[in-house]
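These are the residues of each chain, in order.
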Amino acid sequence: EAGVAQSPRYKIIEKRQSVAFWCNPISGHATLYWYQQILGQGPKLLIQFQNNGVVDDSQLPKDRFSAERLKGVDSTLKIQPAKLEDSAVYLCASSLWGASGANVLTFGAGSRLTVL
Amino acid sequence: AQSVSQHNHHVILSEAASLELGCNYSYGGTVNLFWYVQYPGQHLQLLLKYFSGDPLVKGIKGFEAEFIKSKFSFNLRKPSVQWSDTAEYFCAVGGGADGLTFGKGTHLIIQP
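For the record, the sequence lines run as chains A and P. Using my numbering, the first residue of the first sequence is number 67, and each one after it goes up by one. Using my numbering, the first residue of the second sequence is number 18, and each one after it goes up by one.
Here chain A stands alone, though its shape is the one from the complex (with noise of 0.2 Å):
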């Protein structure tokens, strides 16, 4: 099956620029998340969908991150303005939902944002 595909695999911004990152989870994942993992630290959940609503943003710093998923599919997250600490590598995950499934997540490669 194909895997969680992520784009772009790398970008530079200066600080206070905007950035967005695309994620296509695998097909029939119902659940999807987004991972932020700062170098030399193991990844920190950002934000999670079941379908297209969220169920847990708690550690999603909302005055800048923002994530979208339309028509329970893909999803973008965006970070606007960016600080300098918002360089990390930005990991999305997809699981199915049911017992079976749930919680075992299959990563894309991820997007290293670098912030300058």
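No lab work stands behind these hints: they were computed from the structure. On a predicted model such as this, the values are computed, not experimentally measured, just so you know. Heads up, the beta-carbon is just placed ideally off N, CA and C, and yes, glycines get one too. There may be inaccurate statements among the hints.
[To be verified] Okay, derived cross-link-like pairs now, SDA-like style, lysine to any residue, Cα gap no bigger than 25 Å in a straight line:
1. P:Lys121 to A:Ala154
2. P:Lys78 to A:Thr172
3. P:Lys121 to P:Gln23
4. P:Lys121 to A:Leu150
5. P:Lys75 to P:Gln62
6. P:Lys95 to A:Gln107
7. A:Lys128 to A:Gln116
8. A:Lys110 to P:Phe68
9. P:Lys66 to A:Thr172
10. P:Lys75 to P:Trp100
11. P:Lys75 to P:Ser43
12. A:Lys110 to P:Asn49
13. A:Lys110 to P:His26
14. P:Lys78 to P:Arg94
15. A:Lys81 to A:Phe131
[Stated by the list, open to error] Footprint (simulated), chain P over chain A, 3 or more residues, beta carbon under 8 Å:
16. 102-112
17. 169-181
Let chain A serve as the given structure and place chain P on it in line with the hints.
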């Protein structure tokens, strides 16, 4: 709040040595436990998981992990490592359909 602690941030071993990476967690409720691995230049992939049943779980590439409920631990083991096991290893915890909470990772280097 849930949390994961990985004891070793950097581990260097020689080929054929035995491996044990420590992981302790804090989670209120029924817990699902995972080890993910990230090989150089590759994306995160599932190594093994524990949902219920036998506390000793086996994963890919000869890895296994043991869930010890009384110690809130889920340590990863491999009896004989190979150079190709060089990677970053992440322990993670979650429940139900929650997103996972990851530890900071252990960077494992295997010397030939």
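Cross-check of the supplied hints:
1. P:Lys121 to A:Ala154: Holds, at roughly 14 Å.
2. P:Lys78 to A:Thr172: Roughly 18 Å separates the two Cα atoms, so the pair holds.
3. P:Lys121 to P:Gln23: Judged against 25 Å, a Cα distance of about 7 Å means the pair holds.
4. P:Lys121 to A:Leu150: holds (21 Å)
5. P:Lys75 to P:Gln62: Holds, because 15 Å separates the two Cα atoms, which is no more than 25 Å.
6. P:Lys95 to A:Gln107: Status holds; Cα separation ~23 Å.
7. A:Lys128 to A:Gln116: Cα-Cα ~19 Å, so holds.
8. A:Lys110 to P:Phe68: holds (21 Å)
9. P:Lys66 to A:Thr172: Holds, at roughly 13 Å.
10. P:Lys75 to P:Trp100: Cα-Cα ~20 Å, so holds.
11. P:Lys75 to P:Ser43: Holds - the C-alpha atoms of P:Ser43 and P:Lys75 are around 22 Å apart, at most 25 Å.
12. A:Lys110 to P:Asn49: Holds. A:Lys110 to P:Asn49 sits at ~17 Å (cutoff 25 Å).
13. A:Lys110 to P:His26: holds (17 Å)
14. P:Lys78 to P:Arg94: With a Cα-Cα distance of about 11 Å, the restraint between P:Lys78 and P:Arg94 holds, given a limit of 25 Å.
15. A:Lys81 to A:Phe131: holds (14 Å)
16. 102-112: With 6 residues closer than 8 Å to chain P, the region 102-112 of chain A meets the three-residue bar; holds.
17. 169-181: Coverage by chain P holds for the region 169-181 of chain A (8 residues, Cβ < 8 Å).
This entry satisfies every hint, going by the numbered hints stated previously.
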